[in-house]
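Start from the sequences, fold in the hints, and give me the full structure.
Going by the working numbering, the letters in the sequence shown line up with residues 6 to 246, in that order.
It should be emphasised that the hints constitute simulated quantities derived from the structure, not laboratory data.
Idealized CB from N, CA, C, for every residue including glycine.
Just to be clear, a hint being listed does not mean it is correct.
Stated by the list, open to error - Now the in silico label distances, taken between C-beta atoms and shown as ranges:
1. Val-174 with Ser-76: 31 to 37 Å
2. Ile-176 with Glu-31: 48 to 54 Å
3. Glu-31 with Lys-91: 26 to 32 Å
4. Ser-76 with Lys-175: 32 to 38 Å
5. Ser-82 with Ser-153: 36 to 42 Å
6. Gly-216 with Gly-165: 18 to 24 Å
7. Gly-216 with Glu-66: 50 to 56 Å
8. Cys-161 with Met-34: 36 to 42 Å
9. Gly-52 with Gly-216: 50 to 56 Å
10. His-142 with Asn-120: 25 to 31 Å
11. Glu-31 with Ala-171: 48 to 54 Å
12. Arg-158 with Lys-91: 40 to 46 Å
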Amino acid sequence: MDIYPGITGDNTILIRDMAKDERPREKAMHLGIKSLSNTELMAILFGTGIKGKSVLRLCEEILADNDNHISNVARLSVADFVKRYKGIGEAKAISLLAALELGARSAEDFVMKDNPTINSAEKAVQAMKRNFANLPHEEFWVMLLSQSGKIIRKVCVSRGGVAMTAVDVKIVLKSAIENLASAMILFHNHPSGALTPSVQDDNLTRRICEGGRAVDIRVNDHIIVNDGGLYYSYFEHGKLP
6 MDIYPGITGD
16 NTILIRDMAK
26 DERPREKAMH
36 LGIKSLSNTE
46 LMAILFGTGI
56 KGKSVLRLCE
66 EILADNDNHI
76 SNVARLSVAD
86 FVKRYKGIGE
96 AKAISLLAAL
106 ELGARSAEDF
116 VMKDNPTINS
126 AEKAVQAMKR
136 NFANLPHEEF
146 WVMLLSQSGK
156 IIRKVCVSRG
166 GVAMTAVDVK
176 IVLKSAIENL
186 ASAMILFHNH
196 PSGALTPSVQ
206 DDNLTRRICE
216 GGRAVDIRVN
226 DHIIVNDGGL
236 YYSYFEHGKL
246 P
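Next comes the structure, spelled out in structure tokens:
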């Protein structure tokens with residue numbers, strides 16, 4: 006947990022009462038934004054604390070409640086955030102969660118700005134990482150590719166519960182046809198962390214591959230991912246129909 010000079014043991018000490026070079030904004034100006042801890046970055050976004058609690062103490066406690074993992078904070082919805090942390094309104098919650106989402110999109114953009122050729126499961130997973138980050142439920146996505154393997158578009162075709170999501174094969178094929186894709190990679194996540202495909206996963210993969218062949222659109226892979234960054238590739242395991 007981050008401990009700051011002047012606030013340990015006192016919830017009410019304000020940022021303006023801290024030494025100037027210890028204040029988050031001044032520290033960012035002099036040492037750069039990367040010098041700030043997660044607590045300090047959150048404090049800048051919140052601006053102020055709540056009654057009886059300084060903004061730094063408030064942010065410390067929110068992080069501690071999430072095992073000091075900012076990714077756990079990012080999983081919360083605005084409604085959950087406001088309900089869980091009394092005294093924090095929607096405006097503060099939206100500001101923080103919007104900043105976390107922007108950071109995630111920035112990371113994805115850094116990877117994708119050169120529009121690399123997707124010719125391996127590893128590259129495909131890297132390109133889709135943000136879309137599955139911090140999801141507590143299953144989603145099914147299709148990465149649509151050009152003849153040269155460049156990404157045309159990424160489409161979410163289904164959202165479900167913690168254990169499954171229903172996928173309409175016709176919707177998958179419709180997305181590929183409408184975007185003039187030459188190939189596609191199927192993705193879905195397992196929030197449980199397990200990566201072994203189910204019988205239902207195998208059947209769905211077979212049906213989409215059969216449908217793709219009928220309209221001359223290749224299925225290059227079906228990849229199952231978890232929140233830990235691991236993945237299972239049908240192609241790499243020789244299970245692609």
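Verification of the supplied hints:
Checked against the given bound of 31 to 37 Å, the beta carbons of Val-174 and Ser-76, roughly 33 Å apart, stay inside it. Judged by the Cβ atoms, the range 48 to 54 Å given for Ile-176 and Glu-31 holds: they are separated by roughly 52 Å. At roughly 30 Å, the beta carbons of Glu-31 and Lys-91 sit within the given window of 26 to 32 Å. Separation of Ser-76 from Lys-175 is about 35 Å and conforms to the stated range, judged on CB atoms against 32 to 38 Å.
In this structure, Ser-82 and Ser-153 meet the distance hint of 36 to 42 Å, their C-beta atoms being roughly 39 Å apart. Taking 18 to 24 Å as the suggested C-beta distance range, the pair Gly-216 and Gly-165 conforms, at roughly 20 Å. Between Gly-216 and Glu-66 the beta carbon distance is about 51 Å. The supplied range of 50 to 56 Å therefore holds. Look at Cys-161 against Met-34: about 40 Å separates their beta carbons, and that is inside 36 to 42 Å.
Taking 50 to 56 Å as the suggested C-beta distance range, the pair Gly-52 and Gly-216 conforms, at roughly 52 Å. For His-142 and Asn-120, the hinted distance range of 25 to 31 Å is satisfied, since their beta carbons lie about 29 Å from each other. Remark: the range hint 48 to 54 Å for Glu-31 to Ala-171 is upheld by a beta-carbon distance near 53 Å. Evaluation of the 40 to 46 Å hint for Arg-158 and Lys-91 yields a pass: the beta carbon distance comes to about 42 Å.
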